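Chains A and B, in that order, give the protein sequences. For the first sequence, the positions run 0 to 237 when numbering that gives the first Met the number 0 is used. For the second sequence, the positions run 0 to 200 when numbering that gives the first Met the number 0 is used.
Accuracy of the hints is not assured; some may be wrong.
Simulated restraints, written as ranges between beta carbons of each label pair [unchecked claim]: (1) D36(B) with H23(A): 29 to 37 Å; (2) N216(A) with R30(B): 35 to 43 Å; (3) G37(B) with R179(A): 47 to 55 Å; (4) D36(B) with L7(A): 21 to 29 Å.
The list that follows gives simulated cross-link-like pairs (lysine-lysine, BS3-like), each with its CA atoms no further than 27 Å apart [said to hold, decoys possible]: (5) K70(B) with K163(A); (6) K70(B) with K169(A); (7) K70(B) with K80(B).
Hints in this document: simulated from the structure, not taken from any laboratory. Remember, it's a predicted structure, so these values are computed and weren't measured experimentally. The beta carbon of each residue, even a glycine, is placed where N, CA and C say it ideally should be.
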Amino acid sequence: MSDPTRLLSEGASEFEQELLGSWHDEQPSDRARRRALALAGAGAAVTVTASTTATAAVAPKATLAVVTAKWLGMGVLAGLATSAVALEVAPGAPVTTRETTSERAPTPPVRAPGPVAAPMPLKLAEPAPSAASPGTPRPVPAPTLHGTLGPETAALDQARGALKAGDPAKTLGLVARYQREFPGGVLAQEAAVLRIDALAQQGNRRAAAAEARRFLNAHPHSPHAERLQILAGASTNP
Amino acid sequence: MVAISSSAALVRREPNSPPASERRGRAPDVRFSALVDGQFDFIWRSLRGLGVPAHSADDAAQEVFWIACQKLDAIVPGSEKSFLFSTALGVAANRRRAVARSRETADTAALDALVDDAPNPEELSSLRQARALLDHVLDAMPLELRTVFVLFELEELTTSEIASLLELAPGTVSSRLRRAREAFHAITRRVRARVQPGGLP
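Only chain A is shown next, with the shape it has when bound in the complex:
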C-alpha cells in the first residue's frame, strides 16, 4: 500500500502550507551538535583516567595526582547520569574542561592508607554535612596528595557503585563515611556531587536542589557546575 501524498504537496490550504513550510526554519545549532559529539570524548577521558590511576597514585608529584584526581571525579560524575535522568532533568554534558588546581579545596594532611575499601556495616541515610557548604572550615592543606588518593578513590568507587545499584541510602552512608575520613579531601567535590545525586535518586529533590545550589555558590567554576545548575533549578519545577 502506497503512502498518501503529503499535505504540503497536496491538500493543504495556503495558510496550512505556510505553517507546514515553517518546520525547517528551526535547526539545531552547531554548538548543540558539538556538545553531543563531546559526549563520546568524555567517555574516552574516563577510560584514560582509569588507566593512569595506578601510576598517579605512586607519583611523587602532587600536581599529577591532583590532575588525575580531577579526571577520576569526572568518571564518578559520568557514572551518575542514570540517576540524573531519573530526576527528569538533563544530565548535561560531561565535563570537557580541566579544573585548575588553584580552584581545589585545600587538601588534608597525609594519612596512612587505612582500610577504606573494606566493607563495613553502615548506618544508612545518615545525614552528612555537605562538603560544598560555604563557610565550612577546611583543613590545612597538605604538601602532598598521593598518600590519600588511592583510599579516597576506593571510597568513592564504593559510593558510586551503590548509586549505580540503585541504593541511594547506602550511597549517602558511604559518602558520609568518606567525608569523615577525608575532610577536605582531593575528591571532596566529587563526593558532594555523589551525595546530591543520591538525594535526587532517593526522591528528595528539594534537598538535592538545595545542596546543588550550595555547591554552586562554593564552586561556581567547578567542572560539575553545568549539570548541577540544572539540578539546582529542578525544585522550582516539581
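Starting from the structure of chain A, add chain B where the hints point.
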C-alpha cells in the same frame, strides 16, 4: 496515549557486561559520532515537534544522546534511530510535564480551550508567526496523533518507517495519520479564524 516503544527492547541483554563508561576505551567512538552526525538534527527537530520548547531543545537532545552514549554498546545495530526516537519520546514527556504543558486530551472542549490560548494579532507581531502557530497547532493535537503527524508530514518518513519506529502496525499508523490530518485541519481553521478574522469564507 501514544504507544511509546520501550528503548529497553532495543538493547542487547548482556547481564555481565561492564558499564558503557568502562567499555568506551575498547570501542572507538566512531559509532557514536556517526550517530550524532546522522541523527542529531532529526532528534532535535523531533523533540521540538513533540512539544519541547525551543529554549530547552538543546538540553533535551543532549539528554537523549547522553543516554545513547551510555548504552551504545548494547544498542542493537540497525535499531539506533528507533532507540533514539523512543528515548526522545520519554525525554519529551518529562520536559512537557516539567513545564506543566501536558496536552494529551483530544476532546473538542479541550481543543477549543487550547485554541483560545492562541496568540492574538498584536501578540503575533512579536512572534515568528508561522512557526509559532505551527507549534500551537501541534500542541493542540493529541500526542499519539501529533507524533505520527510530525514524522510523516514534517520529517517525511514513510508510514512503514513510522510503524517500525513506533512499533505499531502499519494500519494503526495510517489510521492515526488520517485522524491527525483531520485534527490538523480543524485546529488550523480555528487558529486562522482567530489570527486572520477576515480570511475565512
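(Q) Flag every earlier hint the structure violates by its number, smallest first. (A) 1
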